[in-house]
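As you go down the protein sequences, you meet chains A and B in turn. Just so we're aligned: 280 in the numbering used here is position 175 of the first sequence, and the numbers increase by one with no gaps anywhere. Just so we're aligned: 234 in the numbering used here is position 237 of the second sequence, and the numbers increase by one with no gaps anywhere.
To be clear, the hints were calculated from the coordinates, so they are not data collected in a lab. For each residue, glycine too, the CB sits at the ideal point set by N, CA and C. A portion of the hints provided could be inaccurate.
[Stated by the list, open to error] Label-pair restraints from in silico Cβ distances: (1) B:Y37 <-> A:K112: 58 to 66 Å; (2) A:D189 <-> B:L20: 34 to 42 Å; (3) B:Y294 <-> A:K299: 42 to 50 Å; (4) B:D452 <-> A:D244: 31 to 39 Å; (5) B:F456 <-> A:K299: 40 to 48 Å; (6) A:D189 <-> B:F456: 54 to 62 Å; (7) A:E215 <-> B:V453: 27 to 35 Å; (8) A:G181 <-> B:E21: 27 to 35 Å.
[Unchecked claim] Computed list of chain B residues with no C-beta within reach of chain A, every gap over 12 Å: (9) R274; (10) S356; (11) W399; (12) K412; (13) D443; (14) Q458.
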Amino acid sequence: MVEIPSKLQHIFSFAVALEQNGRLRNTIYCHKQTIYVINQDHTVIIRFPIKDIVVKKDGDLSFENPVAFRANEFEGKWISIEKDKICFHSKDGSFTAVKKCVAPSLSFEEIDAVFIRHMKKKDKRFSIEISRGIWNHLDESLSHIEFRVKKHEWLIVQRNIFDGSVRVISKTPSTSEDVSKQLTEEITPQTSSKLPRRMGAIAVRSGDLRAMFEGKFKGKNGSLHLIFEKKKPVILIDNSKSTGPNDPKFQAIIATCIYDELRGKI
Amino acid sequence: MTSAYYENRKRLAQAIPRTGTLLEAAQTQAIRLKGRKTGYHEYRFDREEMVKQERLLNAEEVNSFVEISCRAGACPMCLNIDVWDGLLCPYGCKYCFADSFRATLYTAFFDNAKTMGLRHCDPDRYKRDLGELFNYRLTDPHTHVNPVRKAIAMNMPLRLGIRFEDFTKREKKDGVSLELLRYLASENYPVMINTKSDLIGHDDYVRALADNKGKAAVHITLISSDDKLLKELEPNAPSYQQRINAMKSLVDAGIRVVARVEPYAVFLNDDESAVYRYIEDVWDAGVRNITFDSYSYTGRDPGIIRNWANLGLDWDRMFLVSAESQPVSSYMLGSFMEMFREKGFSCSTFDMGNVPTNSQDICCEVTDLFTDSQFNYGCTVMAARFVRQTEGSVGWGAYEGWVMEHGGFLSPALKAEVKQLWNAVGNNAYSQCWAPGIVPVGIDQDGIVWEYDSDVVDFRQDIFNNSTNPI
């Protein structure tokens, strides 16, 4: 039985928090120096490198063999590993409880393969930086967020099919310095010239993108780097250069939505 | 054939996309109901012993079989009768929330619900009880306080199949519903059936319905011509062709058949080629009436969502565009129904957004059939139709007078509920206040005064167009 380092506890807590944020119910996969969190709908995979967090020493925590468990099973900081199962230990006075978690159906290797396949660069990429403040302009209750490029400028669009309104966020020239400054801070395209002249809608579920900000634990002004690649059915998110003390480094992929008239298969 | 519906569908698909996934969705187990503790005993100090605590449901017999629907505030055909019941319907339809509701109710209150199987009403009992009720038939409805007696006095058609499927394989063996149909025929009492079963097309049943001089109608639920989809969504229900054959048998015997497309769900059962085949086949079977409704908002049930995920179907998108976004789903349904009208079908729906343009007053498409019956005029669907058909403005007083001429409200509580909905208070989904063209034009001592104005822009269309406009 070993104590989980506090940063690892943060990551596990993040996976639990995702579940409470919307209806994501997540699974955690750990192997060696990598942790993956995948949501129940399989639309989001987040990868946390834990090289600096977990150092293998004699009697210390290591994930030599893959282990996986449902995020909502996370219970306390004392764990042990039995084969591929994780056990949470809790003590209260003279009583000790051990909770052995059930391993989910997918394997670490399967998640790892999907993640690596999508992360590999195959075509031209372009990106957008969005901050937590973007949510002041977005409506979380609306189902989707569309990213578009028009005349080399990013547009973020939300459609409200309840009342017919359409919310369009862009970095347009404005006579009001305040608004311009605010938007510049919140939507900073890499550079306009690198963007294509036009890009049709690439949409993600609002809840999936919103959940990413839960990973940025305390950074109110923290931002996320969203990377788009032509023909790829995912948006890549790179937070690996984070330096915030409570902002874990991570990369993620979010499945983009599909503009067709088919009923499934999702 | 190019239809406006498919243009709309294309636009909607560009505004509300389908969920993409990174891995195939995992199969999950059905949600287990916690239910009651089994074998629960309590220690009784007075008896100094453990005593078993249990409440048992009568697993053999249904005792309560006639009722006024809890949706009577909106429904014109609300006199329900069901002689079969069970914890789970044998058809196991993946979109249906009735099983889930029943399971919650029965397993929460009874200890033996999980083993009950199918149960039915004793024919002697229903004949005796109905016989007593039929004494009130065609008496003055205003003299009755009991809403069921009042409905019988109005000769309101009895409606089978609202709470449970009454024509299962067990029914074929036991003939409980058949005996009821024969009894109703002997009494010449009007009856309407809702079913997915092809049993209703078998000779005995057809004869029992055709012999009823009070008239009979059969709603056969058939949501698509795509057998593969039907097999997925309604795994144990009769096939498409079996149901088409049943329709034909009934029509040939002179019985009103209404095809029922419920639920209609965008991107689920509206595939173009399947819809055109459906139109052809149902028409060729001799059916001329169809009733529709979009997916019920009440259907947002964890068990159903899980069913859909296990089938690999995108629940979120379907629910958003077919139920949650009320105006858009209603607009899509309206344009879907137009396709069927173009072919010559008479089409109606319970969806309030389309009630003013329904082909018939009674959304079950039986107004012209049950001409010797009164319906529940004291409901919001009929209120919308009354406003629609009245020249000029209409206050509650005028509407109430019209209802009283047609037998009155079924109960004071129902009248209060309908009056609230008239004034846009309560569950607005069932209020005529959002029916396109029905606009408030004033206030009187009873509340809002309404008027139908066909020139008013359809707000549903506005919402649809605005939210699906290209950027």
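To see whether the hints hold, each was checked on the structure:
Against the hinted window of 58 to 66 Å, the Cβ-Cβ separation of Y37 of chain B and K112 of chain A comes to about 47 Å, which falls outside the hint. As the Cβ distance of D189 of chain A to L20 of chain B is approximately 19 Å, the hint placing it in 34 to 42 Å is violated. A C-beta distance of roughly 45 Å is found between Y294 of chain B and K299 of chain A, which places it inside the suggested range of 42 to 50 Å. For the pair D452 of chain B and D244 of chain A, the supplied restraint of 31 to 39 Å holds, since their beta-carbon distance comes to about 33 Å.
Hint check: F456 of chain B to K299 of chain A, Cβ distance near 43 Å, so the stated range 40 to 48 Å holds. Distance hint for D189 of chain A and F456 of chain B: a CB-CB separation of about 57 Å, consistent with the stated range 54 to 62 Å. Our hint of 27 to 35 Å for E215 of chain A and V453 of chain B is violated, since their Cβ atoms are close to 56 Å apart. In this structure the supplied range 27 to 35 Å holds for G181 of chain A paired with E21 of chain B, their Cβ-Cβ distance being about 33 Å.
Even its closest Cβ contact with chain A, about 17 Å, leaves R274 of chain B beyond 12 Å, as expected for a residue assigned away from the interface. No Cβ of chain A comes within 12 Å of the Cβ of S356 of chain B; the nearest lies about 27 Å off, and the non-interface call holds. With 12 Å as the threshold on Cβ separation, the claim that W399 of chain B sits away from chain A holds: the shortest Cβ distance comes to roughly 34 Å. Against the 12 Å criterion, K412 of chain B stays outside the reach of chain A, whose nearest CB is about 32 Å from its own CB.
Separation of D443 of chain B from chain A is adequate, the least Cβ-Cβ distance of about 30 Å exceeding the 12 Å criterion. With a least beta-carbon separation of about 10 Å from chain A, Q458 of chain B fails to lie farther than 12 Å from that chain, contradicting its non-interface assignment.
Consistency with the previously given hints fails for numbers 1, 2, 7, 14, ordered from lowest to highest.
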